[in-house]
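Chains as they are written, first to last, in my numbering: chain A, 1 to 322; chain B, 323 to 644.
Since the hints were derived computationally from the structure, they do not count as laboratory data.
Backbone N, C-alpha and C fix where the C-beta goes; we use that ideal spot for every residue, glycine too.
It cannot be assumed that every hint is accurate.
Stretch by stretch, here's where chain A covers chain B in the computed footprint (C-beta under 8 Å, at least three residues) [as the list claims (entries may be wrong)]:
no.	segment
1	431–442
2	519–529
3	615–628
Computed cross-link-like contacts, DSS-like style, restricted to lysine-lysine with a CA-CA straight-line distance of at most 27 Å [stated by the list, open to error]:
no.	chain 1	residue 1	chain 2	residue 2
4	B	Lys455	A	Lys23
5	A	Lys23	B	Lys492
6	B	Lys355	A	Lys170
7	A	Lys133	B	Lys384
8	A	Lys170	B	Lys345
9	A	Lys133	B	Lys611
10	A	Lys33	B	Lys455
11	A	Lys141	B	Lys384
12	A	Lys33	B	Lys492
13	B	Lys333	A	Lys141
14	B	Lys367	B	Lys611
15	B	Lys455	A	Lys133
16	B	Lys345	A	Lys141
Stretches of chain A that chain B covers, calculated by requiring three or more beta carbons in the stretch to come under 8 Å of a beta carbon on chain B [claimed, not checked]:
no.	segment
17	21–33
18	113–119
19	124–134
20	143–154
Take a look at the letters that make up each chain.
2 protein chains.
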Amino acid sequence: MQSHEFFTPIKRELQIMEEELIKAVDTNQPLLKQASGHLIHAGGKRLRPAFVLLTGSCFTSKIDHLIPMAVAMELVHMATLVHDDVIDNSMSRRGRDTVKARFGNRMSIYSGDYMLAKALHKVGEYCRADLMKIVTETSVKVCQGEIVQLQSAFDVDQGITDYLRRIERKTALLISVACQVGALLAGASPPMVRAMRRFGHYLGMSFQITDDILDFTADESVLGKPTGSDIRQGIITLPALYALRYSPEASGLRAILSSPDNVARQANRAISIINRSGGIEYSQKVAEKYINKAQLMLEQIPSSQARTALSRIADFVCTRDY
Amino acid sequence: MQSHEFFTPIKRELQIMEEELIKAVDTNQPLLKQASGHLIHAGGKRLRPAFVLLTGSCFTSKIDHLIPMAVAMELVHMATLVHDDVIDNSMSRRGRDTVKARFGNRMSIYSGDYMLAKALHKVGEYCRADLMKIVTETSVKVCQGEIVQLQSAFDVDQGITDYLRRIERKTALLISVACQVGALLAGASPPMVRAMRRFGHYLGMSFQITDDILDFTADESVLGKPTGSDIRQGIITLPALYALRYSPEASGLRAILSSPDNVARQANRAISIINRSGGIEYSQKVAEKYINKAQLMLEQIPSSQARTALSRIADFVCTRDY
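Same shape as in the complex, but just chain A (with noise of 0.2 Å):
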C-alpha cells in the first residue's frame, strides 16, 4: 500500500509513533534488540497505528494523547506477528540443532512476550480501566483465535461462518480495537466511538479477505512468500471454501485439502481448481460488501480531512492487487 498518501493528516504524529515504537523495544539485551528491532525494521504499513491516529483526528485536533496508544497496537500486531512466526521443526541441521537453530524459537517467543508486556504496560499507562479491559480482551480473542486457525486446518468441512468468525479475530478485532480507542480517547460521543469500532470491524474483515485472495492470486516477488502459501499450510480461506462448495472439482479439491501429504504434493492443482470455481470473484464481492458497509459507518461522523482518508483507505483495501 503506498500508506504514506493517505496519511498526510497524521504524517508528523506517525513519525513520533514510529521513534516511540523504536524506543518500547530499546532494551540493553543485546539479543532481544535485535530481534525486536528487526522486526520494527522490516518495515510494515503500521495501519493500526495510522487506524488510531486517523479516527482521532476525525473528532479533535490534538492527537498527540493518543500516540502512546498507537504505539500499543502495532506493539500487539507485531507480537502476534512474532509468535506466528515460530515453528516446529526446521533448522535442525544433519540431525543436529546449532546454538542458533536451538535460540531461535526461544527468542521468538520471549520478543513476542516481550512486545505484548510493552504494549499493555503503554495502555496501563492511561490508568483507564475501559483501555484497559478492550486491549486485554482483544489479546484474549486474537489469542483464540489463531487457535482456532490450528485447529480449522486442513478441516474441508468448516462453514462459511467459521471463516468469517476465524478472520474477525484474526484481523478485523484488533483494527476495530484501534479506531474504537482512538475515537475513545479522542473523547468521540458514545455513537460516534460504535461507528468508529464498526467501521474498522468491516474493514478488517474486507482487509483480510482480499489479503486471502491475492494469496492465490498476486505474483510470488510481491507477497514476499509463494503463492497459495496458506493453501499448503492447511489453511482454508473464502475462495477455497466456496470452491469446495461450488466447484465442478469439488471432490478432487476435498480430497487435496484434507490431508497434509496431499497437499504438500498437489498444492498447484488445488490451486488451479480454486481460481477456475469462481471463488475468487465470490470474494471479491464479499469484500466489496464489507467495505461498503465501512464507507456506511463513516457516513455517520463529521465530515473531515481525516474522514476523508479512512474512506480511500477503505475503497484502497479491496482494490489493490498486491
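Assemble the complex: chain A is given as a structure, and chain B must be docked to it using the hints.
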C-alpha cells in the same frame, strides 16, 4: 513441598482460587482447553497464589477480593512455564513432521499468550492503575530475564552478579510481586507493603538457588528430570560458577561448559567436578543468607497465624531436599 500444611490459614480461599483458575482457561476451544487444562491439572504448588493470600491475611481477615489477583499470578507463572517448554528441534519423525508435532509449539505459544492475556485481564478488573503497572512491568522484566538466560548459556565468563540478576528476574520478581500486591490489596501501609515485597524477593532468591542446588544433588525420580539438566542446557548456576572460580579442576570444567558439544558428551564429568568443588555448600550458605533476610522482613509486620505460615515456608524453602 507438603504445601497443604503451610496453607491451612488460607485453605478455603485456595480452593476457590483453584476453581477460578480452572474457569479462567475454560474456553469453548477444545484444543486450548486441553492444552491449558493439562498444565493446570498437572498441579504445581500454587506458591504464588498462596503468597498473595497469606500476605493479605497478615493485614486483614477478609481476603476474598484477593482471589482474582491470586489467579492472575498463577496464570502469569503458567504462561512462563508453557513458553519455556517450547522447543526448537524436536518431535520430527523420520525427517518429516506429523500434524501433531507441527502444531505442538504453536499451541504452546498461543496457550501461553492466552494465559498471559487472561492474567492481565483479571488484574485489569481491579481498575487500579498501580496494580496494572506493577504486573505489566513484571511481565516485561520476566521476559527480559528469560532472554538474558538464553544469552548467558555456555558463557563461562559470567559473574555471580549476572547469575543473581538472572534469577531475580526469572523467579524472585514474581514471588516478590505476589507478596506486594497481596499486601496492597489488603490495605497494608506503604512500609508494610515494602517489607512484604522484600520478603518475597529474598524468599524467591533463596527458592531459586535451592532449586539450582537440587538440580545437582536430587534424584532423577524426585526432580522429574535428569540430574544436571541445567548444565546439559548450558545454564550455568551458582554451584557451577563457584566451581569455575575455585575448583582445582576449574580449567577442565571451563572447557566442558563453554561448548554445547562438550557438554553433551561430558555432562556427568562436569557434574562431578561441581559436586566436589564445594560449590553446593557455598550455594546453600547463600540461600540461607537470603532466607535470614526474608525472616527479618517478616519481623517488621504484625504477628499472626499467616505470618507464622510464611515464616515456616521460608524456613522450608532452603532446607527442602527435593
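Structure versus earlier hints, numbers of those that do not hold, lowest first: The structure conflicts with hints 2, 3, 9, 11 and 13, although it agrees with all the remaining ones.
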